[in-house]
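Chains as they are written, first to last, in my numbering: chain R, 1 to 215; chain V, 1001 to 1204.
These are calculated hints, taken from the structure and not from any lab test.
Heads up, a few of these hints could be off.
What the hints assert, rightly or not - 20 Å max Cα-Cα, derived SDA-like pairs, lysine to any residue:
| id | chain 1 | residue 1 | chain 2 | residue 2 |
| --- | --- | --- | --- | --- |
| 1 | R | LYS34 | V | VAL1080 |
| 2 | R | LYS34 | V | PRO1075 |
| 3 | R | LYS176 | V | CYS1026 |
| 4 | R | LYS34 | R | THR50 |
| 5 | R | LYS34 | V | ARG1045 |
| 6 | R | LYS135 | V | PHE1081 |
| 7 | R | LYS34 | V | THR1041 |
| 8 | R | LYS135 | V | SER1042 |
| 9 | R | LYS176 | R | ILE144 |
| 10 | R | LYS34 | V | PHE1081 |
Stated by the list, open to error - Label-pair restraints from in silico Cβ distances:
| id | chain 1 | residue 1 | chain 2 | residue 2 | range |
| --- | --- | --- | --- | --- | --- |
| 11 | V | PRO1010 | R | THR163 | 56 to 62 Å |
| 12 | V | ASP1016 | R | ILE35 | 58 to 64 Å |
| 13 | R | PHE81 | V | GLY1014 | 50 to 56 Å |
| 14 | V | ASP1004 | R | ARG26 | 20 to 26 Å |
| 15 | V | LEU1035 | R | GLY140 | 52 to 58 Å |
| 16 | R | ASN89 | V | ALA1170 | 47 to 53 Å |
| 17 | R | ALA175 | V | VAL1079 | 24 to 30 Å |
| 18 | V | VAL1187 | R | ALA175 | 40 to 46 Å |
| 19 | V | ASN1085 | R | MET1 | 37 to 43 Å |
| 20 | V | ASP1004 | R | PHE81 | 41 to 47 Å |
| 21 | R | ILE157 | V | ALA1191 | 49 to 55 Å |
Where a beta carbon is used, it is the ideal one built from N, C-alpha and C, also for glycine.
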Amino acid sequence: MNFTDVLRLPCPSDGDYAALSVYMQRLAEEIEAKILAQRALISDETNPPTAIWIGPNIAIGPFSTASIVELSTPGQGFGVFTNYTVNGNLPQVSATKGLTFNEAGVWHFGFCITSVASGAVTNDSNRLFRVQIAKGTSGGTQQIELFGRHINAEATIATDFLTGQAVFNVDTETAKYGINTVFTHTNAASNVSIPVNGVYYWATRIGSTDSIEVL
Amino acid sequence: MVADTSLGLPYQQGTDRACDAPDVWCDFTNTLETLLLPIDTSTGRLSPARPCAKVARTTTFTVNDATNPGGVPIPWETVVFDTDNMVDLTKSQYEITPQRDGTYYVLTTMSGTTPSTVTTSATLGVSTTDWATNPFFTSSTIPIHIDQCPMLETSAYFWRLGTVEIFTAATSTFGYSTVVSSTGSLVLTIATIMMAVYWVSDVV
């Protein structure tokens, strides 16, 4: 039996004629395994785990300056576009651990949120949306990333747009990761609502944190 | 008579002798290997890992516009992850330097506070300036290439700049760094600041 130099694909030598069928089967199986492995890599490259959430399907609020609103997707009628599942379920954005990420690696997460004052706007009253990527540990919640957007509303504009992004690492304990989301405001003149489909989240996996081996 | 496919894979035909098999077979596997290896090389550029790195600073850092009107580069403290040896804080505490040419997505985020009395705000920038020359520069001393986010409100305490940049070793001798600046009297206290970079595609 001979083998190619790199991939070790088998081919028969002069004394192997009687075993040609066996060798052909082995070659076929090894080619298939190699192609399947390459397909998996190409799939990772062209179709990484990605999710987009749009909601809620019913407006949230109006709520006052005293309220803290969690804009998580479970139970708030979010539509989900995704190419992956988490333990058989659609991925969620939630403070509850283990609902969002299906695989370890570097992830890129972002949000676009619209808020609307239900009446008059207090000039420079802030709108604040914060996101915490957190991991549950035996010692409590470990903050992986804290980011958000803080804007001051203009008196003449009732609608505000908040956006943010983060790139972070999720380790192999994906079931311990969650996303805390908090929206608050200081608009004393009236209350604020999150309109129907006013929240847009997205997440995509960039790749593993393995060191590059092939350039 | 041995024939070949359009990609050069040889195969026997009905007129060939059985004893031709070993040569044809080995030619076939050798040719197949030369066809498969470039696919490995191509997929290996993105999977399982692509060049990406993230650096952070969590120790309070003060930017005083009065003394540094051109802005201040951020000296990073920790490497959160690095798949392609892009960060060497002992060599340069300011930069993430790509090892592979291409288009990169660069994201820098910052949280901090400004005194309630200030009337201006800070901006975040991504630069490819060699800060080792003069970390606390004025724009007249060294050329800078910088991509900045719009100024946010004075009271803002989350800043972000996400941008796509092209890196080639032939034109860039320095990697990506984050610079914080403003246009007026401002003292900004940075609580946490991070920069993440990941490779998107080749530039050929």
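So, going through the hints one by one against the coordinates:
For a cut-off of 20 Å, the pair hint linking R/LYS34 to V/VAL1080 is broken: about 34 Å separates their Cα positions. Proximity of R/LYS34 to V/PRO1075 is assessed by CA-CA distance (about 45 Å); at most 20 Å being required, the pair is judged violated. This hinted pair does not check out: R/LYS176 and V/CYS1026 have alpha carbons roughly 51 Å apart, beyond 20 Å. The suggested pairing of R/LYS34 with R/THR50 is violated, with an alpha-carbon distance near 26 Å, which exceeds 20 Å.
With a C-alpha separation of about 17 Å, the suggested pairing of R/LYS34 with V/ARG1045 holds against the 20 Å cut-off. Simply put, R/LYS135 and V/PHE1081 have alpha-carbon atoms about 17 Å apart, close enough for the 20 Å limit, and the pair holds. At roughly 14 Å between alpha-carbon atoms, R/LYS34 and V/THR1041 fall within 20 Å of each other, so this suggested pair holds. Proximity of R/LYS135 to V/SER1042 is assessed by CA-CA distance (about 34 Å); at most 20 Å being required, the pair is judged violated.
Distance check on the hinted pair: R/LYS176 and R/ILE144 sit about 12 Å apart at the alpha-carbon level, within 20 Å; holds. Between R/LYS34 and V/PHE1081 the alpha-carbon distance is near 30 Å, which puts this suggested pair outside the 20 Å criterion. Between V/PRO1010 and R/THR163 the beta carbons are some 57 Å apart, a value that agrees with the proposed interval 56 to 62 Å. For the hinted restraint 58 to 64 Å between V/ASP1016 and R/ILE35, the CB-CB distance of approximately 26 Å leaves it violated.
The hinted window of 50 to 56 Å between R/PHE81 and V/GLY1014 holds, with their beta carbons roughly 53 Å apart. With their beta carbons about 23 Å apart, V/ASP1004 and R/ARG26 fall inside the hinted range of 20 to 26 Å. Checking the proposed 52 to 58 Å range against V/LEU1035 and R/GLY140 shows it holds: the Cβ atoms sit about 54 Å from each other. For R/ASN89 paired with V/ALA1170, a C-beta distance near 48 Å keeps the hint of 47 to 53 Å intact.
For the pair R/ALA175 and V/VAL1079, the beta carbons lie near 26 Å from each other, so the given range of 24 to 30 Å is met. The hint said 40 to 46 Å for the Cβ distance between V/VAL1187 and R/ALA175, and at roughly 43 Å that hint holds. Between V/ASN1085 and R/MET1 the beta carbon distance is about 40 Å. The supplied range of 37 to 43 Å therefore holds. The supplied range of 41 to 47 Å is met by V/ASP1004 and R/PHE81, whose beta-carbon atoms lie about 45 Å from each other.
At about 29 Å, the CB distance of R/ILE157 to V/ALA1191 disagrees with the hint of 49 to 55 Å.
The structure fails hints 1, 2, 3, 4, 8, 10, 12, 21 (numbered hints given earlier, in ascending order).
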